[in-house]
Structures are given as structure tokens and as C-alpha cells.
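**Student:** Just so you know, the sequences run in chain order C and H.
Take 1 as the starting number for the first sequence in my numbering and just add one per residue.
Take 1 as the starting number for the second sequence in my numbering and just add one per residue.
In short, the hints are calculated from the structure, not lab data.
Virtual Cβ for every residue (Gly too), placed ideally from N, Cα, C.
Any given hint could turn out to be false.
Stated by the list, open to error - If you want the ones that stay clear, here's a sample from chain C, every Cβ over 10 Å from chain H, calculated:
no. : residue
1   : P66
2   : P145
3   : L200
Said to hold, decoys possible - In silico lysine-lysine, DSSO-like type, Cα no more than 27 Å apart, as pairs:
no. : chain 1 : residue 1 : chain 2 : residue 2
4   : H       : K166      : H       : K116
5   : C       : K219      : H       : K5
6   : H       : K240      : H       : K166
7   : C       : K222      : H       : K152
8   : H       : K166      : C       : K222
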Amino acid sequence: MSRPDRREASQLRALNCSLGQLNRADGSAQFSAGNTSVVSGIYGPVEAKVYEEKLDRAVVEVKFRPDIGAPTTKDKWMESAIRNTFEREILAHLHPRTLVQIVIQLREGDGSVDSAAINATSLALVDAGIPLKCMITAATCAVLPDDTTVVDPTQEEIDAARSTHTFAFASGSSTGPLYVDSRGDFTMDEYNHCYELCALATERVLAFMRTAIEGKVTKEAKISAA
Amino acid sequence: MASVKIVLPGDIIDTRREEDTTQQESNVEDEATVIRLGPGLVQSSEAVSAVTAGVLHSNSETNRWWVAGNKRRYVAAVGEPVVGVVVARHGEGYRVDIGSAHDALLPHLAFEGATKRNKPNLAVGTVVYGRVVVANSVMDPEIECYNSNTGKSEGYGELSEGFMFKCSLGLARRLIDTKAPVLAALGNGVPFEVAVGVNGRVWVNAGSVATTILVANAIRNSEYLDAKQCRQMVKELLEKQ
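With the rest of the complex left out, here is chain C (with noise of 0.2 Å):
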């Protein structure tokens, strides 16, 4: 069986990112695989609203934007989804009283779009310098309908598939996964095999985001030491 873009099955498409790219946020990020292109922009810590802060700890909001159109309520369970997946990992209470507001905004979407959006929200509180208790990585599996899996499922890929698995992993981190989504009918051992492919490609995410990450940071460092 070959995938239409003739992808081996945990091949994941060409992952790009750019750091720094909105010059208002504290941060910001550009990630895509392949075709699907997410931004996300950071700003924080700023203050809170009296009625929304809280006292100990810094509070996030996320709202995420689709390619078109307004935002319903798919894109409004995102928004909660990427909350709670970042809340625990953020050091929040470093910064009490203050909001850090993550906005995304999907560029193009051709599958695995949540991934992408926990991809690069990661990036971007990295680039704004929010304490991070470790870096976050995400990846998408599908089961077509022929039983094979295939990690990184394009928009077509999706629309035929049984089931698809979204996973969000925490850095040299041992315990479970942070995020998990599982849609369509599944075995246990579909599922098991999706989250070992998933594992597996968040490491590769994660090495691509860590030299990423080495070209910016080298890059001010040459200066400062120049």
C-alpha cells in the first residue's frame, strides 16, 4: 500500500519553522509539516484581569484561529485542549497575578493540525522565554481503512481513516503521554501501536526543534560575545 505523496508509513512529511517572525508578540513561532502551517504568538507574562487572575500562579489562555472562517466550536475545544496540555508544563508560578495569552493562528491545514498547533505553541514559549518545565511534542497517527497506520496523516489520509490519534509527549520524560486524542473505532492494539509510532516521531520533532532552536540562540550569542 503507498500513501499518495509516497511517504513511508512513519515517514513524516517535511517539517519547517521560523522563530521570532511577529515583531509585537513576546514570541512567536511558525511550524509546518508539510502543508499544514500554524503560527502561534506568545504574550506574557502581562497583567491580568482583576476578575480572571490568580493569586499564586499565572493564568493561560489560549484561542486559536482557523484558516477560515469564524471559530466554532471544534476550534473552541482546541483552545481548552492546548490549555490544559501547557498549564501543567508552564511555570506558572513564577509569574502570580499575570496572564500568558497563546494565540494561534492556522495558516493552512492539510491534516494533523493539532499537532502542529502544539508543535509550534512550544516553539513560540521557547522564543518568548516563559519558563518551560520541558519542551512539548506532538504527532498524529491514522489507521486506514486496509489496517495499515501511518504517522503524519494528510487531510486525505484523515478523511479515509478508521481512526486517528493525536499524542503530545513531554521531553525525557518517562511517565505518559500529556495530550492524547483518539477518534473512530479502535482496537487496543491499534491504539498501542499508535502511541509507539507517535513516541517515536515526537522524538524527531523534538531533535528538529532543538536545532532550531541552537541556530537562534547561537546566533545571539555570537553577537553578545562579539
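Starting from the structure of chain C, add chain H where the hints point.
**Tutor:** What follows is chain H alone, placed relative to chain C:
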């Protein structure tokens, strides 16, 4: 440290040094040293891990470790010089926007020679240069526009005329800490005064509007340029004038 070590959030830091590994037979408790963690590092149970991305630095004399990275949002720390804008006047002082999450308080009497009868009268929108005196995560920051130990202004206070712009925190630190090449190159070409705040705000005042804008642009451009490129860039700007 010969090679530059770049860390990401979540990386575990090995704080032992190369010299320590030769002493592994000796009693660990006798050799235990206190390691001071600076910005970007936290202790999680027994290990030290990084929480921001940047270059890992350490000082072998003071046993300090920290991560140096660039960012744009300022978090106030005591003793730092900052450039702020007055946004409100209250009974006990002014509210000054210094770019941190909460606006700073500047007491009415925190100026050189200020008494209850003789207080400076700053309008909303005034640019001031001050020093942070109170900064922690639970309180609003406070600044003062004079050195409270000597009672002299020492350059702090109201900054009149001129133009204030924002830059990244890394660029602001380079402008203050090192003999920044861009300021030296500009100083050879045009007369101007500058006040740099570590909160990423720079105030510039030169003779005319055109020169002030030229100086501000030159400083902004110098973010990723090394010394030689800075001098070249400033030379081109001055020639075009």
C-alpha cells in the same frame, strides 16, 4: 568552557566539573559544594534542569550557574536601571509603565531634593529614568529616580524631549554592559544623549528630529550586527543624511 552548550527546557544539567571526576574516591559529603542557580535553572528533586532555552554559563569561583537567552518581555529585578513612561498620578506617587506585567510605583518624594513642599510635577506621558527598588513576584514593582543612599539624582529622573523606543532585552544589556560599538560609532559622527533601560527601552535625544531618528534607527539595526558591521552601518546612515 571551551564549547558553547545550548540547553532547552527540560534538559538535565550536569553540574559536576571535569576536575571533580578525578576525586571520585573521596567522600562525597566532604566535597559537597553549594551550587547557586541563576535565571533559567531550577532544582527538581536531586537534579538541576533548565527551564528556558539559551547558552549555559557557569562561574567556577562563585559556583553560579545560569542560562543566558534573549527575550522581549521584562521581569523586574532589584537594582536595574529602567526607562518608563508615567501613565497615572496617585496620592502617593506615579504609576510608571516599565514593560513588566504590572506598572511600577514611583513615589512623589523619590527624586533628588524633593520635599513635601517641593515635589516635581510630572505630567502623564513623561519619560523617566529610574532604578528598581522593589521587585518580587507577589508585589507591584517600585522605582526611584535618585540614589536613596546619596540623595543625588546620578542621571535618574525626568527625561525631557527626545524619543523612546523599544528593543529586545539582550540588545539593551549589550548597550549598557559592553562598550557597545554602535554607540561609539554614532558618537564619533553626531552628538546625542542616550538612556538605556534594561527593560528593553532606550531613550535618545539629539539636536534635531532627523538626527534623533537616525540614532534610533542605527541602534535598532545593530541587533544582529557585529562590531565591524555596526561601524559600516552607521557610516552608511551618516553619509545618507
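**Student:** If a hint holds in the structure, say so; if it doesn't, say that too.
**Tutor:** Results of checking the hints against the structure:
no., hint, result
1, P66, "holds (27 Å)"
2, P145, "holds (38 Å)"
3, L200, "holds (18 Å)"
4, K166/H with K116/H, "violated (34 Å)"
5, K219/C with K5/H, "holds (13 Å)"
6, K240/H with K166/H, "holds (24 Å)"
7, K222/C with K152/H, "violated (38 Å)"
8, K166/H with K222/C, "holds (22 Å)"
Checked against the numbered hints given earlier, the structure breaks hints 4 and 7 and satisfies all the rest.
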